[in-house]
Amino acid sequence: MIETNDLSKQFHDFMAVDGVNLSVQGGQILALLGQNGAGKTTTVRMLTALLNPSRGWARVAGYDVVKNGHDVRASVGVLTEQHGLYMRMSANEYLDFFGQVYGLDTNERKKRSDNLLEYFGLMEAAKRRVGEYSKGMRQKLALARAMIHQPGVLLLDEPTSAMDPESARLVRDEIARLKSSSRTIVICSHNLTEVEALADKIAIIYRGKILVQGTLDELKKNVLGSPEYVVKFAETENVNFELPTGVELISRTATSLKVRVEAAEESNPKLLNLFASKNIPVVALQEETRTLEQVYLKVMAGAKGYQYVQ
Amino acid sequence: MFNKLKPIWLVAKRELRDQLRDWRVLMPMLILTLCFPFLMNEFAKQTVDFLNQFEANLILDRLVPFSVLIIGFFPITVSLVVALESFVGEKERGTIEPLLSAPFDDWQLYFGKLLVGVMTPLVASYSSILLYLIMVSRQNLTMPSASVMTQLFLLTAAHAFLMVSAAIVISVQSTSVKAANLLASFIVIPVAILMQGEAVMLFWGNERVLWLGIAGVTIIALLLIRVGIAHFEREYLLGREIDTINLKWIAKTFLLNFSGEAKSLWDWYTRVLGGAMRRILPAVFFVTLIAGVSIWASYAWIKDNVSDVIAMATPEDIAELEKSMAEIGELPDLSEIQGHLSAPFLFLNNTRAVALIFLAGMVSFSVLGIMLYMVNIALIGGLYALFELLGINPLPIFLAGVAPHGIFEIPALMIGSAVVLYFGATLVTPQTGKSMGEVILELLADWAKIFIGLVVPLLAIAAVIEAYITPSLLLGVIGR
Chain U
1 MIETNDLSKQ FHDFMAVDGV NLSVQGGQIL ALLGQNGAGK TTTVRMLTAL
51 LNPSRGWARV AGYDVVKNGH DVRASVGVLT EQHGLYMRMS ANEYLDFFGQ
101 VYGLDTNERK KRSDNLLEYF GLMEAAKRRV GEYSKGMRQK LALARAMIHQ
151 PGVLLLDEPT SAMDPESARL VRDEIARLKS SSRTIVICSH NLTEVEALAD
201 KIAIIYRGKI LVQGTLDELK KNVLGSPEYV VKFAETENVN FELPTGVELI
251 SRTATSLKVR VEAAEESNPK LLNLFASKNI PVVALQEETR TLEQVYLKVM
301 AGAKGYQYVQ
Chain F
1 MFNKLKPIWL VAKRELRDQL RDWRVLMPML ILTLCFPFLM NEFAKQTVDF
51 LNQFEANLIL DRLVPFSVLI IGFFPITVSL VVALESFVGE KERGTIEPLL
101 SAPFDDWQLY FGKLLVGVMT PLVASYSSIL LYLIMVSRQN LTMPSASVMT
151 QLFLLTAAHA FLMVSAAIVI SVQSTSVKAA NLLASFIVIP VAILMQGEAV
201 MLFWGNERVL WLGIAGVTII ALLLIRVGIA HFEREYLLGR EIDTINLKWI
251 AKTFLLNFSG EAKSLWDWYT RVLGGAMRRI LPAVFFVTLI AGVSIWASYA
301 WIKDNVSDVI AMATPEDIAE LEKSMAEIGE LPDLSEIQGH LSAPFLFLNN
351 TRAVALIFLA GMVSFSVLGI MLYMVNIALI GGLYALFELL GINPLPIFLA
401 GVAPHGIFEI PALMIGSAVV LYFGATLVTP QTGKSMGEVI LELLADWAKI
451 FIGLVVPLLA IAAVIEAYIT PSLLLGVIGR
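Residue numbers (this note's numbering), protein chains in the order written: chain U, 1 to 310; chain F, 1 to 480.
Bound-form chain F, shown alone:
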């Protein structure tokens, strides 16, 4: 095992030595490490003086953790510079070929670059944080708890891994350092948004949520590492040298995969779409499993938590609820609902939901997309439990109000989500002989095939039933 890991350290050590001799890396790192704690300390002092006037103690308590988060982040930005040129920089300098000709395995080279990309900025980051904490300890400021400090140190490391792993993916896939630097905005902007979210979590003070945030960032970083290794091809690093966007090739590859050179619509449906469906079959199985778990979990959660709330309701609470209901006025007449929920409206709404799941999944290796799917599908279990708690038999309502259009809508949602799962899973799986661009184009073509050929027609049928048949059936069951 040690022999397998030794080359990683060898690659990292050489690069580290190179970095420490490069003033372009060293100077920003030293400035960010040494100057920011002082600046932040000065900022904290001013803020404390200002907030003391208003006795805003809660904000004061969160000020140091927030400062630590910011101070830790700045030196990490240097990691981008190092990681972005890790492979493409070597290619431009002509040093990549001897390195690729050496007896390294792909993952050894990859982790060597990853290690050095993370190591130096992280050391600088932690040094900066420690310097700041020393300054804080000598002033009248509340030190963060050990638990929060652990979270902050882990979060800083997770940021470093996230940014470096994304930058290395870009570095492997780029044709020049210039192109890699331009693509860096795809890292900087999401991470900046992420930092804002984490800052909100810190000020909110919910440690459990922050742990979830750390876990989320770590999972995305791990997936990015997996994607990077899966699509690491010596051939592509050596082969591509031109930076132009080949729109013709993109369009040709997509259309070829989308049409599958079908001779007729029937041929397209049976052979091309059928082939895509066969590919996503394991994913369909998984989303069905996820649906079962989500429905059961939401049912159980509502049963456990909402029944307690209902049981705890005092006569005063019920009186207040009744008063609120009276203020709302008459409930809408269900018989008029057909006018409000038109088929095109329902169709567009559901299509948008499936498209949103795809978009969210595309930028997060399926994770966000599948989470959205889980929320959608879990509603069934939750509603079922809620009806039971209210003493209403949910079965006839579901049979009349959900089943008729649900027979089409739920499979459409499940298939639409299965493609998203397939998309993410394929992206993190090695595809020999294909560039990452080719893989993405093929996946997009698969999604388009299934979305246009199956999901959209199913949602259209569901929308017509939901608009014109479901309300009548529902009225038949529950009356006006």
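Only chain U is shown next, with the shape it has when bound in the complex:
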């Protein structure tokens, strides 16, 4: 698990990370979203015990990042922004080296390395020098390195960037599998669709500060407001009616109605009952699709001080 309190990092007079509070349990995925330079990499580096916090504390896999840096590094798997591959080594040699770094015995190294290479479709190229690999293959190998010691905590910076759709799907499936095996995972990504599909919690960071964090539903509700529903009528309706409490009218046309609903489970049946009582035939009651992208753009617009236009 990962826990931070007031985690901050200052470089001379530049505050790179400012008072970050996070809590990620085993079996959870946290996605850190933000612009380039927002403080995501610095946060991850503090969680890897590469940078010492200027203020606050962080515990990763039960270890304090300042006092037990060595143990933290042994417990996490990191996929860095730059892949960090040795170009003159083969994939086999590379994974074997990191297997040794993490203290695995020869048989275990071979077994795990073969499994990962097989899974990521690199087995055929396993003896080729990494320098000859494509960008996507390098990304997959770097990911395999992060997983070789089966760490309890995974910190992944853009895990599917530069990958073809098929490979990206493979990686997402693997991340989901790791999550189900109680791993704690932090992903830094600009791929919001991917984050929507994978993350249990999302934090948006801007200029070192976390602006909002929570589950996707919580963010949608807190940032975009209560869910919106569209009611479509079978024919043109001009009947006047009063909406039940907890339902707010956004817009109305002759054939449809757009409302904001506080608690759908309570309000929607009331709404349908209302139309039934007024003999207004309803053909559809549908929730308006709201994406993480909308949440992100609205949060960033608020942070930068301009109006968010949907």
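Possibly wrong hints are sitting among the right ones.
[Unchecked claim] If you want a taste of the chain U side facing chain F, the calculated C-beta under 8 Å gives, among others:
| # | residue |
| --- | --- |
| 1 | LEU50 |
| 2 | ASN52 |
| 3 | LYS67 |
| 4 | HIS70 |
| 5 | VAL78 |
| 6 | THR80 |
| 7 | GLN82 |
| 8 | LEU85 |
| 9 | ARG88 |
[What the hints assert, rightly or not] No farther apart than 30 Å at their CA atoms in a straight line, the calculated lysine-lysine pairs in the DSSO-like style are these:
| # | chain 1 | residue 1 | chain 2 | residue 2 |
| --- | --- | --- | --- | --- |
| 10 | U | LYS127 | F | LYS13 |
| 11 | U | LYS135 | U | LYS179 |
| 12 | U | LYS209 | U | LYS179 |
| 13 | U | LYS111 | F | LYS13 |
| 14 | U | LYS67 | U | LYS209 |
| 15 | F | LYS4 | U | LYS111 |
| 16 | F | LYS434 | U | LYS67 |
| 17 | U | LYS270 | U | LYS232 |
| 18 | F | LYS178 | U | LYS135 |
| 19 | F | LYS263 | F | LYS434 |
| 20 | F | LYS6 | U | LYS110 |
| 21 | U | LYS232 | U | LYS201 |
| 22 | U | LYS209 | F | LYS178 |
| 23 | U | LYS110 | F | LYS4 |
| 24 | U | LYS179 | U | LYS67 |
| 25 | U | LYS232 | U | LYS209 |
| 26 | U | LYS270 | U | LYS258 |
| 27 | U | LYS111 | F | LYS178 |
| 28 | F | LYS6 | U | LYS67 |
| 29 | U | LYS110 | F | LYS13 |
| 30 | F | LYS13 | U | LYS135 |
| 31 | U | LYS67 | F | LYS4 |
| 32 | F | LYS6 | U | LYS127 |
| 33 | U | LYS127 | U | LYS111 |
[To be verified] Some chain U residues well away from chain F (every beta-carbon gap over 12 Å; in silico):
| # | residue |
| --- | --- |
| 34 | LEU22 |
| 35 | GLY26 |
| 36 | GLN28 |
| 37 | HIS83 |
| 38 | GLU196 |
| 39 | GLY225 |
| 40 | GLU235 |
Quick caveat, the hints were computed from the structure, so don't treat them as lab data. Cβ atoms here follow ideal geometry from the backbone N, Cα and C, with glycine treated the same way.
Given chain U's structure and the hints, the job is docking chain F onto it.
For chain F alone, kept in the frame of chain U given last:
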């Protein structure tokens, strides 16, 4: 213990494999290893033929050891290429972060890089030397003694460690490979001068001095390793990416440390300079101890050695000495000495001496600076013993001729040297959260504070006393 050392070998092994696949490292190493013994052998043959005409046997005897020294050195130069990019190269290639994220301790990573930096060039060096010795053995040349060969092998290893340890310090502190390569001249030039000195020692043929040379090179290499580990910060390796010299920051950091944001001169003296003095207090204690040992050692040495020389002097020697004295003519009139030794002259001379101690100490982690200090302070003991041997009671002379200005001059010298000792000791001590640049700037500010605020005023007072009071007192004691 083995488990602690295993990661070192792991880092070294990976890098070694990388090196052996890199033609840019392999080719120069092979060329230097295989070609130089042949070239040197040819050079030796020509030199032997030439020197035989003049029967210069001594030079001939030293030719092979000298050649071995040179042959051993060339492959080691490759170590610079490897070591200079050990950390900064990984940073540029983007491979440093996974390595730093691995569960290595700083010293394990550091020694892994050091080991591989030394290992390959040293193997190449020794192979080259052996190849040359095989060639020598098949010709009519004198082989060096086992003792000299041991010295040469050790010296070659010491050179490798010295160059690699310095290069790794540069590699850790540099922001790019380009910057590291530019800084390499700070290694190449001193080592080239060192090699010339060692060559002189070899031709001189004094094995004891050469052993001292080996010890000196090894100590500096060990200190460099210590400095490298002390200032190895994962944070700085990842953080700094810009190569520009930030003169504004340098000036600001220095001035801030120098002024200590003092509100008045009194505040500066009591709080800022006082703080610096408190920091160097342990060093003051050590230089006092060193002074005691140096004075006693020089006193004892003069008593032991010079008395023998005096005792062995024959009437002919004394007659010759008297003749030489007569040729010199009249000894200078001490009463006129005030005109020759002006206060500004004495002040500048002593200030220069303290500054020189600092400069020598700065480039050698205090070692050379403290050696200069020891020589200076040892003069007191030596002179004291010499007066005793000449049958003159030294106490009144010292009380009248040394003590009045010495009360100010000797503490100034001791404090000036204590800062140098503090400088070196701090440099080899880990300073968490500070870059090496910050540490050096703070140390320079401390030195400047103490030098300007204390040493210079003390030396000024001493110079005035020495120029205007000491000669009169001395004349009072010994007469004209």
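Evaluation of the provided hints:
This hint holds: U:LEU50 has a C-beta 5 Å from the nearest C-beta of chain F, less than the 8 Å allowed. Hint status for U:ASN52: holds, given a least beta-carbon distance of 6 Å to chain F, under 8 Å. Because the smallest distance between the Cβ of U:LYS67 and any Cβ of chain F comes to about 13 Å, over 8 Å, the interface hint for this residue is violated. Taken as an interface hint, U:HIS70 checks out: its beta carbon lies about 5 Å from the nearest beta carbon of chain F, inside 8 Å.
Restraint check, U:VAL78 versus chain F: the minimum CB separation of about 5 Å is within 8 Å; hint holds. Nearest Cβ of chain F to the Cβ of U:THR80: about 4 Å, under the 8 Å cut. The hint holds. Hint status for U:GLN82: holds, given a least beta-carbon distance of 3 Å to chain F, under 8 Å. The closest approach between the C-beta of U:LEU85 and any C-beta of chain F is roughly 7 Å, which is under the 8 Å cut-off, so the hint is satisfied.
Interface hint at U:ARG88: satisfied, since its Cβ lies 4 Å from the closest Cβ of chain F, which is below the 8 Å cut-off. Annotation: proposed proximity of U:LYS127 to F:LYS13 holds, straight-line Cα distance about 19 Å (limit 30 Å). Among the hinted pairs, U:LYS135 with U:LYS179 is consistent with the structure: their alpha-carbon atoms are about 26 Å apart, no more than 30 Å. Under the criterion of a C-alpha separation no larger than 30 Å, the hint pairing U:LYS209 with U:LYS179 is consistent with the structure, at around 26 Å.
About 22 Å separates the Cα atoms of U:LYS111 and F:LYS13, which keeps this hinted pair within 30 Å; it holds. As the CA atoms of U:LYS67 and U:LYS209 are separated by approximately 24 Å, the hinted pair is consistent with the 30 Å bound. Distance hint between F:LYS4 and U:LYS111 is fulfilled; the C-alpha atoms sit about 25 Å from each other, no more than 30 Å. Taking the CA atoms of F:LYS434 and U:LYS67, the gap is near 18 Å; set against the 30 Å cutoff, the hint holds.
For the given pair, U:LYS270 sits about 16 Å from U:LYS232 by alpha-carbon distance, which is consistent with the 30 Å threshold. For the hint linking F:LYS178 to U:LYS135, the alpha-carbon distance of about 27 Å falls within 30 Å, and the restraint holds. At roughly 26 Å between alpha-carbon atoms, F:LYS263 and F:LYS434 fall within 30 Å of each other, so this suggested pair holds. Of the pairs offered as hints, the one joining F:LYS6 and U:LYS110 holds, with about 19 Å between alpha carbons and a cut-off of 30 Å not exceeded.
Note on U:LYS232 and U:LYS201: the hinted pairing is violated, with a Cα-Cα distance of about 34 Å set against a maximum of 30 Å. This hinted pair does not check out: U:LYS209 and F:LYS178 have alpha carbons roughly 36 Å apart, beyond 30 Å. For the given pair, U:LYS110 sits about 23 Å from F:LYS4 by alpha-carbon distance, which is consistent with the 30 Å threshold. Of the pairs offered as hints, the one joining U:LYS179 and U:LYS67 holds, with about 27 Å between alpha carbons and a cut-off of 30 Å not exceeded.
Between U:LYS232 and U:LYS209, the direct Cα distance comes to roughly 42 Å. Violation of the 30 Å bound is thereby established for this hinted pair. For the given pair, U:LYS270 sits about 15 Å from U:LYS258 by alpha-carbon distance, which is consistent with the 30 Å threshold. This hinted pair does not check out: U:LYS111 and F:LYS178 have alpha carbons roughly 41 Å apart, beyond 30 Å. Simply put, F:LYS6 and U:LYS67 have alpha-carbon atoms about 23 Å apart, close enough for the 30 Å limit, and the pair holds.
Of the supplied pair hints, the one linking U:LYS110 and F:LYS13 holds, its CA atoms being roughly 19 Å apart against a limit of 30 Å. Note on F:LYS13 and U:LYS135: the hinted pairing holds, with a Cα-Cα distance of about 27 Å set against a maximum of 30 Å. A distance of roughly 19 Å separates the Cα atoms of U:LYS67 and F:LYS4; the hinted pair therefore holds under the 30 Å criterion. Between F:LYS6 and U:LYS127 the CA atoms are separated by roughly 26 Å; this keeps the pair inside 30 Å, and the hint holds.
About 16 Å separates the Cα atoms of U:LYS127 and U:LYS111, which keeps this hinted pair within 30 Å; it holds. With a least beta-carbon separation of about 19 Å from chain F, U:LEU22 lies farther than 12 Å from that chain, consistent with its non-interface assignment. Chain F leaves U:GLY26 outside its interface by the beta-carbon criterion, the shortest separation being 20 Å against a cut-off of 12 Å. U:GLN28, annotated as away from the interface, keeps every beta carbon of chain F farther than 12 Å; the closest lies near 22 Å.
Here U:HIS83 does not stay apart from chain F, with its beta-carbon only about 7 Å from theirs, under the 12 Å limit. Distance check for U:GLU196 against chain F: the nearest CB is about 28 Å away, which clears 12 Å, and the non-interface claim stands. Distance to chain F confirms U:GLY225 as a non-interface residue, since its nearest Cβ pair spans about 41 Å, more than 12 Å. Remark: the non-interface label on U:GLU235 is consistent with the geometry, its nearest Cβ contact in chain F lying 64 Å away (cut-off 12 Å).
Hint check: violations occur at hints 3, 21, 22, 25, 27, 37; the rest are consistent with the structure.
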